[in-house]
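Enquirer: Given next are the chains, with one letter for each unit.
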Amino acid sequence: MLRLSNLSVSYGGLRALEDVSLEVNEGEFVAIVGPNGAGKTTLLKAISGSARVGGGRLEYRGRDLTPLPPHQRAALGIAHVPEGRRIFPSLTVMENLELGSYRRAARGRRAEGLESVMTLFPVLQERRQQAAGSLSGGEQQMLALGRGLMAAPELLLLDEPSQGLAPRIVEQIFETIDRIRRASNLTILLVEQRVVEALELCDRGYVLETGRVALEGTHAALLADPRVQRAYLGA
Amino acid sequence: MPRDRGWLGIAAVVAVGLVLSLALTERYHHRILTLVLLWATMGLAWNVISGYAGQISFGHQAFFGIGAYVTVLLAAKLHLTPWLGMLGGAGVAVLAAVLIGAPTFRLAGIYFGLATLAYPLIFRILMDFLGYQEVAIPMVRDHPVLFMQFEEPRTFDLLALALLAATLVLSRLIETSRLGYSLRAIKENEQAAEAMGVDAFRCKMAAYVLSAAPAALAGAIYAHAILFVVTPDGVFGVIAIVQTLTVCLVGGVGTLWGPVIGAAIMIPISEILDTTAGDRFPGIQGVVYGATLMAIMMWAPEGLFWRLRRRPASIARATPVATAPGTAEAPVTAPAAPGPVLLEVRGISKAFIGLQALSEVSFDVREGEILGIIGPNGAGKTTLFNVLNGFLLPDRGEVRWGGAPITGLQPHVVCRRGIGRTFQVVRFFPHLTVLENVLVGAFAHGAAPAAARERARASLGQVGLAGQADTLPAGLTTLELRLMELARGLATSPRLVLLDEPLAGLSADGVELMAVMIRRTRAAGVTVVIIEHTIQALVKLADRLVVLDHGRRLAEGAPGEVTRNPAVIEAYLGKRWLARHAPNHAATLQP
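As they're listed, the protein sequences go chains C and D.
Per the working numbering, residue 1 is the first one in the first sequence, and the count goes up by one each step.
Per the working numbering, residue 1 is the first one in the second sequence, and the count goes up by one each step.
These aren't lab readings, by the way, just hints derived from the structure by calculation.
Note that CB positions come from ideal geometry on N, CA and C, so glycine has one too.
Be aware that a few hints might be false.
Claimed, not checked - Calculated from the model, a selection of chain C residues having no Cβ within reach of chain D, i.e. all distances over 10 angstroms:
(1) S5
(2) G54
(3) Y102
(4) A131
(5) A221
Said to hold, decoys possible - Looking from chain D toward chain C, a few residues come up when the C-beta cut is under 8 angstroms (computed):
(6) R172
(7) L293
(8) L573
(9) H581
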């Protein structure tokens, strides 16, 4: 479904990604783990179009994504739930969710989408008229996830959904992601710092280290591989 | 620009001014020439504080008006000759600059500019209140020369030309002095400038005072040459600052030629439009003037000077430094036996609203070591550096340097005591050469320009950038910019240098070369403390590591020990990873 071949991305002369090749198959849940600064966020940005690809190929359903601006990639069904949530704090929960269904294919299914999001996150139903900025961190993450789902995506890109959240909330978020995936057979590409949580959920994983793919494998293989630790600690 | 070419340029401006003054015959043309020279002076004065130092002043006509009012009032009330009166005016303007600057420089960026809007308004109201709505220059027919009342219009040209020449010389001196480099550093990045030993407040104050005096003198001459009757609107009004800004923006900011070029073009256009088109189609002069201004600004948004200046052929070519001779054979000295404690960090805590960035962090830095400080993002590493070099005051705890407390000292003082620092994001001064970019740091210990240049050149040599010293930094690679940043830190002649993520984002070769340079720095007797969030590179480079997590010191020790430390593994990979891969350790961690 998604294929990256020898992808490179640079920011002002800094090489954030170098020769990264990976693929995500239809219905698959793929996790990318690695230490800070490894280029995980950049990878998602390159896919959704907010980072310019410097070299290599980026294909989605056999189509070259690189010439498309971000909004056209969203129209193809790629939803990006960014790091740090990026909800619209002064808008209400409902307004935030409605903005998520902006994509043409999603507009018709707004009511349906809203219902499934509210079922997944009952707390959002309770707070539907509240300003999104007044939600707790965990609720905001749920809102960001919900907004991503409102686009009725085919490929969901999740960037560090656990960031800045208490362990108990993190568990809840990961459980929800698991539920979403079981319920809808959605294709998910997850970027996470929390190695074990991410690897336990996914089908396959990649370990990114300073802009390169250091390791790849099934979740079981990676979970057992001491080399993952080396990517983080260098020894 | 080479030194002598600057002086030649000033001589050329004076020569052109003299020729025009002698050649022109009509009184009206002399008036235009006088105006060009005066507004060029005013633009240059503004350029000192706003162009070089980047402190945009929207109220600079305050000093222009003070000069005019004080001079004329002294003549009218005390019969003081304006030749002395204008010096008095300049004196009052300097005093006003100190009084205005002291509170206003506490504001940063656009807020400073907005605050300066207030001062000319205050003076206007004050003049109205004091009953000086109209102050005429007293006619003194028996001593016209003594009272600056010349029949011959040429005299005012020459007077204004002399003032312009003096202001050009002043600007030139500032540009090439320690003050000038400090101001440009402040404009680019005030924090970085302070970390390089620049006392930002004093420098800005000096620039403000130096820009107030010529503005006041220009105001005094303007009153005698053009106005004859001084009104609050005429000298404190908005037209004065608009004229100043126009000549600077059209000509170019941050260079002494900009205001001269801008005035030479815009003032004649404005005057000629007034008398030609304005007669027949009232109001059309404003439209044409505005259109001209817009056309110039669209073609040359940075001003005509920067647009027209031939790009010097010497933009740094991206020569791979790695292959430069001399860098390969790095003095890889084995870590010397740890020296005495140089820097003691004791129980530092720092909280921001709702976030405990650092809690009770203590460690020592020993002379001659390379100490790495690592930790995941948000661990408090940069906050720690900011406390160490004086940007932040800790809530609790103490930093001791060679046994003496340095907590609470200003960053430039910390720098002068011998703690240098680099920044993760390199902000360079695009119009200065690589050498000049490094020069600011070399002034930290009050060196003379020549000595500072030597010092800067030596630091560039130390990092292998000697070949690029006289080129512009625009063409440098990221690696070379990082090396330049290291040279900036070294130019302050530190005993200890704090390096903020010098390796982040570099390629493997880049990391290798940077590591060589850092070892070389240590070999030259400078103690090194490095922040990184990735451990890999530091494991090989550092003698010891301190690990921070959530603002606490998690571990400290030799790299090999630290990376095996269960607490560190947990911080980086999580408790559950630890439970899987080192169950024994995990068990001992359970309370």
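Enquirer: Run every hint past the structure and note whether it holds.
Expert: Hint-by-hint comparison with the structure:
no., hint, verdict
1, S5, "holds (20 angstroms)"
2, G54, "holds (13 angstroms)"
3, Y102, "holds (31 angstroms)"
4, A131, "holds (19 angstroms)"
5, A221, "holds (13 angstroms)"
6, R172, "violated (34 angstroms)"
7, L293, "violated (33 angstroms)"
8, L573, "holds (5 angstroms)"
9, H581, "holds (6 angstroms)"
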